[in-house]
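Engineer: Assemble the dimeric complex from its two separately framed chains, guided by the hints.
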Amino acid sequence: MSGEVQAAAVLGGFSESEQQEDARGPVGAPRRRRLGLGDWLLPAYTIMAFVFLMIPIAYTFVFSFNDSIKSNISWRGFTFDNWLNVCNVEGGAVCEAFANSVIIGLVATVIATALGTAIAIALVRYRFRARSVISLLLFLPMATPEVVLGAGLAAQFLALGVPKDMTTIILAHTMFCISFVVVTVKARVSSLDPALEEAGRDLYGSPSQVFWRITFPLLTPGIIAAALLSFALSFDDFIITNFNSGSTSTFPKYIYISASRGIPAEANVVASAVFLFAIVLVVASQISRAARAKRLAKLD
Amino acid sequence: MSVREFAERGADLQLVGIQKRFPGFTAIEELDLTIPAGSFFALLGPSGCGKTTTLRLVAGLEEPTRGRILIGGTDVTDTKSHERPVNTVFQSYALFPHMTVIENVAFGLKRRRIGDALGKAHEALRLVELDHLAQRRPQQLSGGQQQRVALARAIVNRPALLLLDEPLGALDLKLRRQMQLELKTIQEEVGLTFLHVTHDQEEAMTMADTVAVMNKGAIEQMGAPAELYELPRTVFVANFLGQSNLFTGEVVDTTSTALTVDAGGTRIVVPTARAQRHRGTVAVGVRPEKVTLHTHEPAGSADRNVVGPGRVLDVSFSGVSTQYLVDLGALGTVLVFAQNVGFGPVAALGSEVWVSWEIMHGFGLDDVPGEAGRFPADDSTTSIAAQRRDSLVSELEEG
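Chains as they are written, first to last, in my numbering: chain A, -12 to 287; chain B, 138 to 536.
This is chain B alone, in the form it adopts within the complex (with noise of 0.2 Å):
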């Protein structure tokens, strides 16, 4: 694949074995990935994951210390960075601060000597509607038109694998929900390869087709976003996309159709096709919004999972919905987000109520919390205060 010439459609992106070591530490472990031609692929994990360094080895900017990179069927491992028909939108943007934002755009084209580069380049920043500034330098504007020229540049290029980091961190809400959205139209219309890595899950989970969730150096599931969240297979995927509230037990019973766990003494059952593992000490799950809150103890049911009593610790109001941390004595505490169908919250703090869910939504891990040491115990009543305050601190930077 010349890089003198456009790419007519999206490449599939195949990494093959990738190990990447730096002196001193291992960036990633052992990477098996294949991202098909045309789609919108994330790559989501916290900080110092691996997915920055998985990134650059795709952008040729790092080699990896063993593995193989295919870029539409083409092995680019032991091509440099220049010669790959690839283009990034760095994180920081990279603008040329002693280019104007024309001459920024049309680099790539004229290094590629492709005609009519300034032509191509005024469509390009038309097409994120910052025509009008064509001739400023970066520095004279805002955080967010810069970041529109980033993605100008490099998709006037036409790049059969785009790679995007973290592009849209820098902007507000409402700038980021407009980018979202020209990102997915442009992939639409120029039906690019989007390579995308991020460390929020919103943005993966709105934007991609498929989000792979990365941790420590390797993926850990990959999915599209329904199923990522409804049937996360590793505490580290059920704590880090969205909330969980997860129980760890022995397995008593197995049938065809249902598990029995025993959770310091209280019976759960989750569905036998929603668990990873059948026998042994497991952790079982369910997502706050599944769970029911109960003022008084509710009729047994053979659907559904009934714990309690328990005490309201914590109620937080949030107009549509209430967030209730209940503790269930052996058993934990757990979060249960209702709607607020009636008038303010249905409990008050320390009173007395049940929980249940259908067992049907509850799911069983292939791990349990802290085993291994790989995976941080993050079940514990602090680190979902601290997520909760995450969570509340980047709504009001957001707002």
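Excised from the complex, chain A in its bound form (with noise of 0.2 Å):
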């Protein structure tokens, strides 16, 4: 996609020295502008890849109010009944599955974002046997792909006896997010000056006073974007819970299996709502930090 983009940016890049040229005309002359190739290429363009980008989310919406009957493929009439009775259908195995995906994608997230901080933080500040030989295992899970991840679990799982339900889901979880949060924490605790840390164990704080005062406030920005991406890693995953599942259904799981036999339209109420949720959770976020920025900005 993004290469995509760059080719579109050459573009408008191209049409606008091409402009340039046509202001050294002759002077006097009405300044004309001639509308050139990249004029109304890149706008067109761009509105396509937008309409290429929404249609999904746009059908998952708008077919989460079809009156549908058994596939919710045609449109057959609008109607609430959908959001209304969104548990109600096939004895609620919808939400059980959306339940059980918001069950295991927090307690991976909590458990990813804990383990992970802590490793990122002792991969950053202190030098110990086998550090690289980690920092290089830990993008391991990142490199391999899911289904010889998952394959490769399962088989652990089976030779050990394991049974399959949610705690084997939460473990695969934990262990490909795990690297996730490494990688985004490591970033942010390699950007913290250990001034801070020293200027606070110099002030009386003890270790976990220094901990708990500076160095976790001062990571909590990147700690909240690791959880946010484990939590959509995780809640998103089909392949590898499919392979440590067993019989527990998840949201992933639940739409790869009903796909076969048509999706009911509850499970676009649920996709919709996820998706509802996100933007007002990233709306809320900005109008707060623009309210912070404004905050700053009067106390000048």
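It is possible that some hints are incorrect.
Stated by the list, open to error - So the derived list for chain A, only partly shown, Cβ under 10 Å to chain B, looks like this: (1) LEU183; (2) LEU190; (3) PRO204.
None of these hints come from the bench; they were simulated from the model. Beta carbons are placed, not taken as given, at the ideal position from N, Cα and C, and that holds for glycine.
Structural biologist: Dropping the structure here:
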């Protein structure tokens, strides 16, 4: 995708230089802008890209109001029923899958974020044996194809005789989330001036006070980003989950299975709700950031 | 000494046989140092000489490889940083960006559970004239203001020992003077012991009662600023603390009062009492402002060294004084600082001149330039030129 955007930017730049040549026309002649190829190509391309990106989301949202019977492919009329009775269809299977996904996401995120943050701090702040080896190994879960990772884990659980349920899913998710947490938090720790923690120690802060009052608050933006990323990855994961879930249903797994016989509109409802929730979260954080910037500016 | 209460007064600091090795290099070879309570002590040296490591050892941010650290007679070598009655003003200030100015200043008091932390913090901010900015974040302050907050955050704790790591380095000249004065005033009021680390000889000399010149992990010479300047004992001190004209030669005559050195065929006399070595090859020197420039050969005198004739290589007029670089042939070059008591320079570029100085102003060093590879040969014309260029650059930066 980014390559295409770059290509569009190059096209735009080309048209600009063309315009400059136009401006060097005869003195006194009215400056008329000839509409170049780039003048409409870039906007048109941009709009097309957005439409392309938005169609699946728009479809999901619109069809959550479809008065569907069995499959939810053709439009049959507008209704709020799907939104109002989201948990009453198929014995609440959609809602159960959704709830499982949320629980798995939350637990895996908390564990992965706590462990990952500790690992990131250790990797940046301390020199110990096998430090570089550990750094490298942490990249492996990100580099390995999910199918391999999922199948490998499933084989281990089988060999150990561990029954596959929610716990095995949480273990699997925690494992691959840790890598992403370490990478995200490590960047933040590296940019943290060690003198700040030293100043904390110098000002009579015990090691735990220094961590909770200085290190942790300063790492918070990185930790939050890591946690959001973890949750999104966990909530979204299908491949690894499918290998290690046994009979436990998660939201992606439910959708995948029901896709073969027609996805119920309730799935659209849940997906739309998640999407709206994410939008509200982003907008709220932007507003609060703007308000804070304004407050700080006022102090000057 | 508990950190739960304020220090009554400054405490003396003793470093006994300190050695600090890092993987790959030794920062401090062997250091013994006693800083009396209530003094303003400066550790002066070039970057990499081990002065900042010394400071960090005292603060408890590094552990010595060997040796003991005593504060007020108590051995603190094995105590952690937060258990020592010591506070540091960091070179980078290290203000906590997520706290307001007042929260920064009150941080140490709150950790020690000292009553009325906020009141005392405001008082400290008033001392550095920043109480009106108490609710700001550090990043909303100028560099000079941040520095004063860092200072307030340290002194509010009334430590027995205050460590300053080049705290005035980032300030402009005017603000630096102001802060120097403030530090002196605070020290006199509160009676703390100050340990100041700097590479700025002027800062060290104007502020400290005692200056220790450090080089390559060891103290070269220690004493009152004037004493160090007037009677340097090593080539490093002679060149690092101000500038020196150094001549190396064989001792040819020694009496109880005077030592005569033959340097490249010229006889130079220094007082025996001001010479560290009395036989063999020695380096003798004189400060540039003690040297007088003559356009005619002066009459010989028993209490002056007269050298010449030589040629003026360079003249640089700086208003109050003029610097001349004189080529004396086999003796090398001599730098002369002359006050402009008349109008303009007295000797033109390329003219023939003689130089002279009072014998009592000369000094004899313990080592010679380039000896044992420990000290760089700093008496070459290129290094004098480089030194002068550096001082010009720093003047420009300060201006």
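Engineer: Could you check the structure against the hints above and give me the numbers of any it violates, in ascending order?
Structural biologist: none
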